[in-house]
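Novice: The primary structure of each chain is shown beneath.
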Amino acid sequence: MNRPSTSIVPHLILWGILAFLAVFLGWPLLHVFRGACIDEGGFSLTYMLALVTDPIQLQALGNSLTIAVLVTISCLLVSLPLAWFMARRSFPGKALFAGLLLVPLILPPFVGAVGLKTLFARAGSLSALLIRMGLVDGPVDWLGRFPLLGIVILETMHLFPVLYLNLVASFANIDPSLEDAAANLGAPPWRTFLRVTLPLAMPGIFAGATLVFIWAFTELGTPLVFGLRRVLPVMIYDSVSEVGTNPMGYARVVLVLLISALGFWISKRLTRRAQRTATLGRLTVQRQETALRGLPLAGVYLFLVAILVVALLPHISVLMIALSRRWFLSVLPEGWTLAFFGQALGSDLTQRAMLNSLFLALTACVIDVVVGFCIAWLCVRRKLVGSDWLDTVAMLPIAVPGLVIAFGYLGCFSAHFPGSWLDPRTNPMALLAVSYAVRRLPYMVRAAHAGLQQTSITYEEAATNLGASPLRVIRRITLPLLTANLLAGAVLCFAFSMLEVSDSLILAQSEQFYPITKAIYTLMEGLENGVNVAAALGTWAMALLGAGMLWAACLLGKRMGAMFRAG
Amino acid sequence: MNPEERRDMPDGAIQVDSVTKRFGDVTALNEVSFTVDPGELFFLLGPSGCGKTTMLRILAGLETPDSGTVSFDGTDVATLSPYQRGAPMVFQNYALWPHLNVRDNIGFGLVERRLPRREIHARVDDILARVGLEGYGLRLPGQLSGGQQQRVVLARALVVNPSIVLLDEPLSNLDAKLRADMRAEIGRLHRETDIAFVYVTHDQVESLSLADRMAVISSGKLVGIGTPSELYHRPPNRFCADFLGRANLLPATVNAVDGDIIRIQTPFGDWRACSAPGQTWSVGESVLGMIRPESVTPGAATEGANSFSAVAENVQLAGATLEIELRQGETRCHATILSRYAPPVAAGQSHDWHVSADNTVVIKESGEPVQA
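In order, the protein sequences belong to chains A and B.
Everything in the first sequence is counted per this note's numbering, starting at 1 for the first residue and increasing by one.
Everything in the second sequence is counted per this note's numbering, starting at 1 for the first residue and increasing by one.
Next up, chain A with everything else stripped away, as it sits in the complex (with noise of 0.2 Å):
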């Protein structure tokens, strides 16, 4: 007996998407390593080994590394004990507190550096209340002395939600019987949580970590804004304009790549084995979180009061920056005005930028809304040939850097097609929005995915077996049934391609073509009142930025975490 008539479209989609995913991620990978690796002798590692024995390249390396290394231990630091408190404790105004420990991620860690600069550099506030005080003698420019310290302190105020979502979501997986059982057995609370609760935690820790580990180590816009030039992504976007002359900014995007897939591998080695044993137990117990009462709740307020403090520093300032008529040498800004928000609204440029970007963010994600919902569906619930494939290449971009598929797309498609749409040097718009789709997709992926296995099977059988077609079955049943998932996914997609940094400061060269982000950048680095403008127009973006996550974590509830986690 044959098949029932299967269809040819899945395959048809399928290969489709396979076939987009080579063109816009295989290829312009293929074109970074050739053109790292291939000589007009043919096969060389020279570039490569160059980035690794030249001191000045080394130092490059070396610092990158510091960094990325440095912010995923303090983001530990910070998310631990956070992700331990938030799983396992009842107190009042957690759920408010939830909420704002996603608010650093809506602020490019560039435009919070803004704000930071105000504060700490040697005209900032810190500066002036010192001298206020009598406590030095001459303005000090804090972050010019420290400017490694002062990435890893925004970077990691960035960051640790994504690690904090990933640690919540691992800890409140963990079957409470377990920990139940280790404590009938005579293991105090903190020994339970180093023996049992922590390993049961590892691969949403690893996860986490991976992620913020990448993000750090490929960051463009924070050392740019600080000024410190040597590092990788600083000294890739230096080679930017000498794409296609010297092999060596082609050979430094491979060595990221290299170390963010080295990063990646290693992480789900370490996932796999851990997830073996973590499986074992399944939920039979509802957990019971414990009320905190007395001086442990007094702690947790002051530690959650102090980390959003800190974490919003960045934030407030640039509100600050945008409100001020002027802010020198002084504690607070003297003179206030709603000018800058009028004038980030009214110039050229930016509405150029905003109306670039809103274009870019929803073709983005319109892409990745159908190529994401496709794919989850041809894993999960058409299990044809080549869709493991799919699954994995899907992925793939959670491990290649921005960075890394930018440079890729200018070297690749303004060499292959000079002068077409497709070469981001006359018009970048195209390959912006499908950059930002690509590098979202995972993030559509899961979410399509997860609301896939949680929405059984049986509903669309029931459909079928009741006269629908596929097609109907999908429109009727699947679709409607996966709303909130979708839209999530949707929302996080067009809201990280409103921020992406990397890719729109490579990619879109002429003024025109600036999305919102290389616009403050643009207006940073401008006139006068260029860093007031910048704020403002950061400011806009922030507040379009956090409704869009507030909705998505509305629509999402807990499985918030589920849209960050690696592997």
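All clues given are correct.
Simulated restraints on C-beta separations: (1) Ser145(B) - His11(A): 40 to 48 Å; (2) Leu77(A) - Asp66(B): 55 to 63 Å; (3) His11(A) - Lys364(B): 44 to 52 Å; (4) Trp15(A) - Thr75(B): 29 to 37 Å; (5) Leu12(A) - Thr227(B): 48 to 56 Å; (6) Phe417(A) - Asp66(B): 43 to 51 Å; (7) Ser145(B) - Leu198(A): 37 to 45 Å; (8) Asp25(B) - Arg195(A): 33 to 41 Å; (9) Ser18(B) - Arg195(A): 54 to 62 Å.
Since the hints were derived computationally from the structure, they do not count as laboratory data.
Computed from a predicted model, the values in this text were never measured in an experiment.
Just so it is clear, CB atoms sit at the ideal spot from N, CA and C, and this is done for glycine as well.
Go by the hints and put chain B onto chain A.
Specialist: Below, chain B without anything else, positioned relative to chain A:
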């Protein structure tokens, strides 16, 4: 199937012909064949994991057999996608769409059949009344009790006027009291229509009490088919004997075959017995003599019955019945008799017992392994 046969096939019948289905190394169904007559309430009965649900899903087109054919109404349905089969199914976990209210859930199949809005409305109203859910149309599935959800699922299947309805353990999620009510309800709904029901269950009480005919499946094989009475009183093999109720299985040898009557040598003596149709017996063959506990009757033999005497080792009152454990030498046997005040059987004493030849069934010693 040749054209003549096809012409004889009445409307609405299901013909399953040597269907085999494997999942990896596991053979879920092995050369299963049966026919369901139009309007029949047909049961697929077997322990969990025996392949009965797989069979139902193959009928619905949700699984594809590795070999064999399925025909509805004389037409091979192999090329029909699940949505073209027109055999609505009542899913074990109901599968009521949580985003649609009761009316929209029930009307789903009618919308797919592109019926005019008015007619859909009228038919949904009609079926809501028939399953006793008037006034619940605008509720969401989550706002209904288990029994009400079950009625909605039934309504959703029946409203499209199918000639076949498939039911997958429809009562397994209900508590005991509700299960009895719904069982009666399903029987009523079936009698009111001329729809063939194919009903999958592991509960022999459900199938014995409701079925017109039933098929017993064990480890992917069809091991018995017939009316409940045929299968219960004349089980064709050891599996059916055990799975459909309690059975005493006495080791025996065939002494003589005399038409329908088979004489067997049991530890209790030379007995007259019968067997399920279509089986052949040879003298000297080792067999089993099966008697149901309730056909063991106290008192000396009447005309033509098999008699023996045995000690009542253990007598337990189970309310309506007495459960008695009998022993004669090394041979043990259970008897179930109606309980009365001052029981005729006292524990520890020897009594006379008899079983009619009609209720003594010869079955093959080897055969399907007992899994229940």
